[in-house]
Amino acid sequence: MRRLGQWGLCIVALAAPAGAQAQSVADFYKGKNVTVIVGYSAGGGYDLYARALSRHMGKHLPGNPNFIVQNLTGAGSLNAANNIYNVAAKDGTVFGTFGRGLAMEPLIGTARAQYDATKFTWLGSGTNEISLCATWHTSPVKTWQDALKTTFAVGGEGAGSDPDTYAAFVRNVFGVKLKLVTGYHGTSDIILAIERGEVDGRCGWSWSSIKSTRPTWIKEKKLNYLVHMSDVKAPELPHVPLVTDFANERQKRILRLVTSRQTMGRPFAAPPGVPADRAQALRRAFDATFKDPAFLAEAEKLKLEVNPVSGEDVAKLIAELYATPKDIVEEARAAIKP
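Read in order, the letters of the sequence shown are residues 1 to 338 in the working numbering.
Errors might be hidden in some of the hints.
[As the list claims (entries may be wrong)] Computed cross-link-like contacts, DSS-like style, restricted to lysine-lysine with a CA-CA straight-line distance of at most 25 angstroms: (1) Lys-291 - Lys-326; (2) Lys-291 - Lys-221; (3) Lys-326 - Lys-119; (4) Lys-149 - Lys-326; (5) Lys-303 - Lys-211; (6) Lys-142 - Lys-221; (7) Lys-221 - Lys-177; (8) Lys-211 - Lys-142; (9) Lys-252 - Lys-337; (10) Lys-233 - Lys-303; (11) Lys-221 - Lys-252; (12) Lys-177 - Lys-233; (13) Lys-337 - Lys-326.
Just so you know, the hints here were simulated from the structure itself, not pulled from any lab data.
Owing to the predicted nature of the structure, the values given are computational and were not obtained by experimental measurement.
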C-alpha cells in the first residue's frame with residue numbers, strides 16, 4: 001500500500017505543472033484588457049472581422065479578459081504590422097490584423113517591412129479569400145479585354161497591400177492599362193473614392209469584403225468584375241475569368257507566390273516572444289471563437305465569410321513560401337514593382 005501511495009504522489013506531482021500552467025494563464029488574463037490592432041480604417045472588411053472576433057473571443061480565453069479594438073492605419077497596414085512586431089507588448093495582451101500580403105513583404109516587397117514574418121505568433125485566419133479586379137459600373141473598362149486597351153485608375157493603400165500588389169502585377173505582367181492612385185487608408189476610403197469618381201475601381205478586392213460592406217452593389221449591379229486574382233472562382237461569378245487563364249507556366253509559378261496570401265485571407269498575429277502557454281491559449285481561443293454559434297450568427301448577419309485557417313497552418317504556409325527558389329522570388333519582386 002505504501003508503494004502504491006508513492007506512485008499516486010508521483011502522478012499528482014507530474015500532473016501539477018499542467019494544471020498550474022493552465023491556472024497561470026487564467027490568472028494572467030483575469031481583469032486585463034486585450035488590444036486588437038486593426039491596420040485599416042473602420043468599416044472595412046478587416047475591421048469588421050476584428051470587431052466581431054473581439055466581441056466573442058474573451059469568453060474562450062482563460063480569465064475572460066476584456067477586448068478593445070484599436071485602428072492603426074497607414075502604409076497599407078504596414079504601420080500596424082511593424083507596431084505589432086516591434087512595439088506592442090509581448091505578453092499576450094496585444095495582437096492584430098493587417099494586410100494578408102504583408103507576410104510576404106520581407107521576401108518580395110519593401111524594405112520598410114521591419115519584421116521577420118516567420119517569427120510572428122500567428123493565431124490564424126478568419127477565412128481564405130477570393131479577390132477580384134473590379135470597376136464602377138459607369139467606367140468604360142468593363143471587361144479584362146477593355147483593361148488591356150483603355151487606361152483607367154484604381155485605388156491603393158500602400159506597398160504590400162492587395163490593391164497595390166495586384167494592380168502592379170497585372171500592369172507589369174499582362175500590360176493592363178491601369179494607373180494606381182495609392183495612399184487610401186482602407187477599403188472604406190477607396191469605396192468613397194470610387195463613388196466620388198476619383199478612381200474607377202480596385203484590384204485585389206476581396207469578394208467577402210464586397211459582400212459584407214456593399215451587398216446592395218451586388219444586387220444593383222454597380223460593379224464590373226474584370227478578373228479573379230486567384231486560382232478559384234467565386235461561385236456567384238462563374239462568368240468572370242481567372243488570371244491564371246492568361247498566364248504561362250512560368251507566370252503561374254510567380255502567381256502562386258503572389259496570390260498564396262489569400263489562404264490567410266484575414267490573418268491575426270501577436271508579436272514574437274509571447275510565452276508559449278499564452279500563445280497556445282490565444283490560438284485555441286481563436287479557433288473556438290470561429291466555432292461559436294453566437295459568433296457565427298453575427299458573422300452571418302454581417303455577411304462575413306467564415307472558413308478559418310489555424311495559426312499552425314498559417315505559420316506552415318509562410319515557412320514554405322520563404323523556401324521558394326531565389327529566381328522565382330526575384331521575378332515575383334519585379335512583377336509587383338510599383
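- Hint numbers the structure violates, sorted upward? Of the numbered hints given earlier, those the structure breaks are 1, 2, 4, 11, listed in rising order.
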